[in-house]
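Modelling step: build the complete structure from the supplied sequences, incorporating the hints.
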Amino acid sequence: MTDGEARWRTTTHDWAGSVDAGHLRHIRRNPEEFAPGGVAHLILEVLAYAAEEAESTGRGKAVVTVHPDGSVSVADDGRGTDTRADGHGGFVKKPVMSTKDLRFFDFPGKQWLPDGHPRRGVSVVAGLSDWLVHTNRRHNGSWTQRYERGVPVTALTPIADDGTTGTMVHFSPGAEVGPVRLPDVDGWPYLRVEVVR
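The numbering of the sequence shown is our numbering, which starts it at 40 and goes up by one.
Calculated directly from the structure, the hints in this document are not laboratory data. Treat the hints loosely; a few may be bogus.
Simulated crosslink set (SDA-like; lysine to any residue; CA at most 20 Å straight-line) [said to hold, decoys possible]: (1) K149 <-> S95; (2) K149 <-> E71; (3) K100 <-> R188.
Structural data, given as C-alpha cells:
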C-alpha cells in the first residue's frame, strides 16, 4: 500500500486489498443465504448501488437487460465506481466486486432490498457468477475488468470515453443460483428502472 492509499478514507469498502478470497468462498458455499430468490436478488444487489447514487443526486436511471445467453446486465447513469491514482502512474479502483461492503455484509437487516431480503453488497453477485464484467465510465477515465467467481482475471482495461458516466455490471449467474427471474424493480423512489428482455 502506498502512503496515498493509507490516507484513503474507508467508506464502503477497504481499499487495502483488492480480493478477499475467504469472503468469496463464504459466499459461494452459501448461495441460499446470499441470493435468496436467486437471480432476481442479485439484480437488486446491483440496482441498490444505482439507487444510492440516484438518491444522492435526486434522480437516476438504470437499464436491466436479459441477454440471449442467459446473462444479465445492469447499467446506470451515475458517476461510476471510484477510481484513484496510485501514485505510480497507475490506477486503483474501489474493490467493490471482490471484498465486503463494510456497511451491510456482516449486518443483515441494516438495509432491506425490495424483495424483503437483506442487502449484502455486489460482491455476492460477483461470487455467485461464473463470470462478471464491470465497465466503468467516469470523467477521469473509463475502463473494464472481467472477474470469474469474484476474482479478477484481467487488469483494468482502458476503453474509449463516450461522453457519459456510469457503471455496467454484466454477469452470468452460476447454476447454483437458478434460472433468470426478474425482480420487482419499483422499490426506489429516485431511480427509474427499464427492463429489456
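Against the structure, the hints come out as follows:
| no. | hint | result |
| --- | --- | --- |
| 1 | K149 <-> S95 | 19 Å, holds |
| 2 | K149 <-> E71 | 19 Å, holds |
| 3 | K100 <-> R188 | 27 Å, violated |
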